[in-house]
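Chains as they are written, first to last, in the numbering used here: chain A, 125 to 214; chain B, 125 to 214; chain C, 125 to 214; chain D, 125 to 214.
Any given hint could turn out to be false.
You can't tell identical chains apart in this list, so a pair holds if it fits in one copy or across any two.
30 Å max Cα-Cα, derived DSS-like pairs, lysine-lysine [as the list claims (entries may be wrong)]:
1) K180 <-> K132
2) K196 <-> K180
3) K130 <-> K196
4) K173 <-> K132
Don't read these hints as lab results, they were simulated from the structure.
Protein chains: 4
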Amino acid sequence: MIPDNKPKLLNRLSRIEGQVRGITRMVDEDRYCIDVLTQIQAVRAALAKVESEMLKAHLGHCIEGAIVSGDKDEQRRKASELIELLERAR
Amino acid sequence: MIPDNKPKLLNRLSRIEGQVRGITRMVDEDRYCIDVLTQIQAVRAALAKVESEMLKAHLGHCIEGAIVSGDKDEQRRKASELIELLERAR
Amino acid sequence: MIPDNKPKLLNRLSRIEGQVRGITRMVDEDRYCIDVLTQIQAVRAALAKVESEMLKAHLGHCIEGAIVSGDKDEQRRKASELIELLERAR
Amino acid sequence: MIPDNKPKLLNRLSRIEGQVRGITRMVDEDRYCIDVLTQIQAVRAALAKVESEMLKAHLGHCIEGAIVSGDKDEQRRKASELIELLERAR
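Construct all of the structure, not just a fragment, from the sequences and the given hints.
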């Protein structure tokens with residue numbers, strides 16, 4: 125499934141990878157814990173944005189595909205997956 | 125939409141109402157902040173369980189209804205609602 | 125420990141109690157699941173604000189008290205409590 | 125501030141970096157959205173464990189240092205930082 129915003133997502137993810145590497149360096153250099161914790165929170169917020177984009181892509185592609193197909197079993201699977209994801213997210 | 129587990133849900137909710145009343149009393153009696161905060165966390169966990177039950181009811185009734193109906197626009201509405209809920213939940 | 129903002133807190137809490145009662149009524153009247161879930165999210169947000177006020181009260185009273193007292197064991201207890209709360213909050 | 129568990133933390137972080145790279149690859153290969161979202165949730169859980177370790181390190185080192193020093197202003201700063209972190213974490 126190709127989200128329309130694939131380049132944007134890849135860009136975000138490579139920045140997150142850099143942020144994680146930055147945190148590793150901060151720990152290695154014994155930087156102040158609160159600064160490290162603040163950076164970890166920034167990465168979690170950045171991941172939340174990626175999740176958000178993925179959810180929209182999922183809705184526009186996979187779920188729309190299941191609706192258009194009219195395949196009721198596939199629609200049930202898609203609905204269950206979303207509910208499970210919601211459960212785990214909390 | 126009537127969840128199969130309506131009595132259970134009503135029971136949980138009336139217990140939560142009692143817990144909130146308990147927290148009000150704790151604040152009124154100037155109880156120790158950390159104890160109040162611990163109780164607030166308990167209420168939030170109890171609300172998460174109610175959410176979980178509601179989501180399962182929603183899946184079993186409303187979404188299943190939209191799937192069985194074959195009404196694609198209704199299915200799209202249901203899917204968008206779930207994604208929005210997921211967005212807000214985080 | 126009496127927070128300076130006790131009346132405000134009591135007011136917020138009694139509104140939350142009313143909101144929970146409203147949710148009970150919604151479930152009892154078989155209202156649409158997504159509307160119930162949206163109300164639950166509103167209560168959780170309102171509880172987060174109460175937590176926020178309690179934390180500020182805790183900082184201003186209990187923790188400040190421990191600092192002024194100079195009692196190191198008491199300070200250690202207070203610090204551990206906060207960390208534990210942070211752990212559970214996530 | 126050097127946490128006692130620095131090697132463990134660095135190890136965890138380099139694994140998280142690998143996980144993020146894995147997610148980038150999944151997006152690049154157009155893997156199924158739900159699988160990507162599940163991986164993102166795994167990274168967030170792994171980051172939560174790092175946070176947990178950092179908080180314990182912070183308690184054991186920085187906060188303990190402020191307590192032992194008896195410097196009340198420093199203790200106030202440390203307490204405020206923790207509360208702010210708690211606020212942002214929710």
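Checklist entry - At most 30 Å between C-alpha atoms: does K130 with K196 qualify within a copy, between copies, both, or neither? => result Answer is both; intra-copy 29 Å and inter-copy 27 Å each pass.
Checklist entry - From the Cα coordinates, with 30 Å as the cut-off, is the pair K173 and K132 best called within, between, both, or neither? => result both (11 Å within a copy, 28 Å between copies)
Checklist entry - Using 30 Å as the alpha-carbon threshold, which applies to K180 and K132: within, between, both, or neither? => result For K180 and K132, only the intra-copy Cα distance (13 Å) is at most 30 Å; the inter-copy one is 34 Å.
Checklist entry - From the Cα coordinates, with 30 Å as the cut-off, is the pair K196 and K180 best called within, between, both, or neither? => result Both, since 21 Å and 18 Å are each at most 30 Å.
The structure shown violates none of the earlier numbered hints.
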